[in-house]
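Residue numbers (the working numbering), protein chains in the order written: chain A, 3 to 235; chain B, 21 to 358.
Just so you know, the hints here were simulated from the structure itself, not pulled from any lab data. Predicted, not measured: the structure shown is a model, and the values here were computed from it. Keep in mind that the hints are not guaranteed to be accurate.
[Stated by the list, open to error] The list that follows gives simulated cross-link-like pairs (lysine to any residue, SDA-like), each with its CA atoms no further than 25 Å apart: (1) B:K319 to A:I91; (2) B:K294 to B:F234; (3) B:K294 to A:L35; (4) B:K167 to A:A36; (5) A:K80 to B:D180; (6) A:K185 to A:Y163; (7) A:K80 to B:R288; (8) B:K167 to B:W114; (9) A:K176 to A:R205; (10) A:K176 to B:L290; (11) A:K176 to B:A214; (12) A:K145 to B:F211; (13) A:K51 to B:V238; (14) A:K80 to B:S315; (15) A:K185 to A:L35; (16) A:K80 to B:D91.
[As the list claims (entries may be wrong)] Covered by chain B, per the in silico footprint, the following chain A stretches (three or more residues, Cβ under 8 Å): (17) 30–39; (18) 66–80; (19) 220–231.
C-beta: ideal position from N, C-alpha, C; glycine also.
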Amino acid sequence: MKRLILIVLITTSLFADDAATILSRSDEFRNPLASFSIDVELTSIDGAKSETSKFRVYGKGSDRSVVQFTAPAAEKGKYLLMLRDAMWIYMPSTSRPIRISPLQRLMGQASNGDVARTSFTVDYTPKSAVEEGAAWVLELEAKDPSLSYKRVRLWIDRSSYEPQRADFYVASGKLLKRAHYRKYTTMAGRRVLSDVEIEDVVRPGRRTLMRYANLTARENADRMFTKDSFGKW
Amino acid sequence: MVSAPVLVLAATLRFFGSLGAESQVTPANTASPLNPDNIAGIPYQTNAADVSAFGEASTDRWKLHVKLRADASDRGADRVRAGEAYVQFHATDWLGITAGRVIEKWGTGYGWTPTSFVGPAKDPTDPNDRRSAYRGADMVRADLFVKETNVSLYALDGGDYAARVYRLIRGTDVSLVWRSGNYGVNVARVFGDALELHAEVTQRRALAGGQYTFRNDVNVVFELYYSADGLTASEWNALRQLDDLAAANRAYAPLRMARTYAFARVYRPLTGPKIDAELIAIVNLRDGSAILRASLTRKLRQNLNAYLIHTEFTGGRESEMAYLQVARVTTAGVRYYF
Numbered sequence: 003m004k005r006l007i008l009i010v011l012i013t014t015s016l017f018a019d020d021a022a023t024i025l026s027r028s029d030e031f032r033n034p035l036a037s038f039s040i041d042v043e044l045t046s047i048d049g050a051k052s053e054t055s056k057f058r059v060y061g062k063g064s065d066r067s068v069v070q071f072t073a074p075a076a077e078k079g080k081y082l083l084m085l086r087d088a089m090w091i092y093m094p095s096t097s098r099p100i101r102i103s104p105l106q107r108l109m110g111q112a113s114n115g116d117v118a119r120t121s122f123t124v125d126y127t128p129k130s131a132v133e134e135g136a137a138w139v140l141e142l143e144a145k146d147p148s149l150s151y152k153r154v155r156l157w158i159d160r161s162s163y164e165p166q167r168a169d170f171y172v173a174s175g176k177l178l179k180r181a182h183y184r185k186y187t188t189m190a191g192r193r194v195l196s197d198v199e200i201e202d203v204v205r206p207g208r209r210t211l212m213r214y215a216n217l218t219a220r221e222n223a224d225r226m227f228t229k230d231s232f233g234k235w
Numbered sequence: 021m022v023s024a025p026v027l028v029l030a031a032t033l034r035f036f037g038s039l040g041a042e043s044q045v046t047p048a049n050t051a052s053p054l055n056p057d058n059i060a061g062i063p064y065q066t067n068a069a070d071v072s073a074f075g076e077a078s079t080d081r082w083k084l085h086v087k088l089r090a091d092a093s094d095r096g097a098d099r100v101r102a103g104e105a106y107v108q109f110h111a112t113d114w115l116g117i118t119a120g121r122v123i124e125k126w127g128t129g130y131g132w133t134p135t136s137f138v139g140p141a142k143d144p145t146d147p148n149d150r151r152s153a154y155r156g157a158d159m160v161r162a163d164l165f166v167k168e169t170n171v172s173l174y175a176l177d178g179g180d181y182a183a184r185v186y187r188l189i190r191g192t193d194v195s196l197v198w199r200s201g202n203y204g205v206n207v208a209r210v211f212g213d214a215l216e217l218h219a220e221v222t223q224r225r226a227l228a229g230g231q232y233t234f235r236n237d238v239n240v241v242f243e244l245y246y247s248a249d250g251l252t253a254s255e256w257n258a259l260r261q262l263d264d265l266a267a268a269n270r271a272y273a274p275l276r277m278a279r280t281y282a283f284a285r286v287y288r289p290l291t292g293p294k295i296d297a298e299l300i301a302i303v304n305l306r307d308g309s310a311i312l313r314a315s316l317t318r319k320l321r322q323n324l325n326a327y328l329i330h331t332e333f334t335g336g337r338e339s340e341m342a343y344l345q346v347a348r349v350t351t352a353g354v355r356y357y358f
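Based on the provided sequences and hints, a complete structural model is requested.
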């Protein structure tokens, strides 16, 4: 019996390690550089209406990022800082950074984290990985109960490790959001994700397109990633 | 030797801002004991226009930042002023020096920021400063970034000194602030994915509040504010004796006639018709009188907004808001962003 338990524990551990490795390799398509800047164009579509915003994201490591709002004109001068789980927004009109909660949205179906965060590994623990056709399906569980989405199902191409699709579930178990990772391209000498479509599962017809461009290796100073740094770099 | 034009070419340049025009209707409150027969001379209508322009040139090492604002009104003198104008230089990764006029950003409160010893005082009836009217303080500032702790030291115009220490401690923003004999602390923390709580305390003022975001994007802000600089009940009663009406008019300042106030804001972005709806209520907790402000902002184009703001004042005959010299305020305006 003890031997059986030991075998189960070892198997579970190995499996978890495999899932973690798969997730880590998959994350490299979204966050391939240690310190970088990248341009993000976000188009929110609701039926026949659409609206576009543009951002420049400065990142360092997998858990520090600053989002600079560059368009439309009414949004210029705003910044969003994400530091591990904490977020602040700075608007020139209020002239001070405001601590915000993850539920406060950036635009359309995209949460602040969708733009600012480029890695699943930081927020989620892979609990299992199963094969489904040409993909692995990873079950991810939120590390922190404060995260908006407690569970994520992530489809990853088995040959390339490219993420294909992710389903986001809230604590009640309800599926709220689905991300389709549509297109990959070469930026900064690496194959990276360039097009994502986020679908509102609860309100059909509402979706948000995220397009990435101009990934550049850039040495971002540590001082950029503190609340006090808004407007000081 | 690097010439100035080369430095400018190497810099990132940004220019943005907004221009707006608005018309405000303010019928006089002749029922106010301070304003019989409108002796305060409240104009029925005021028209105003403004332009605010932000310009920035920066490299990794230095930054030049200017905020210019021009105002025109049919009730006052036209003027142009620099809200901000400073040069910043990062001597090292951990040391930055700034000289010039800067709008400082202290405090965690939404309606009031008691610990804002250096920055402009917030107006709780217009917490977002819709006309971008804030003006900075002249200073030389040194910013030190040491092991996730930010220390800012200030030499201010007029000979004052100030300091602030900020650190994120286990997910909580903590700032200690000081300016020539005044000191305070402010904190903020997010609980779960929707609730933020914040507080500020100084020797004479305190604030506690938070905000909650519902799943349908409705955002609610609530705050309690105490100021020992506000009037006690007996001081308010003394002001109401009106022995000298002109002096009483000068002494009367809304939201300073009591020591405790409550603030609530409900905000709803309506993505379909592109209308933002906001309701603000500020209540004098001693006499129950209140300021109620409702606003609708319609996005006409991506860079063009139109807004309508209506403010009503409620309260008994002897209450703070009954003494306001205006009966109500209605504002309609447009703002274009570039």
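| query | Out of the numbered hints, which ones does the structure contradict? | reply | Failing hints, ascending: 3, 5 and 17.
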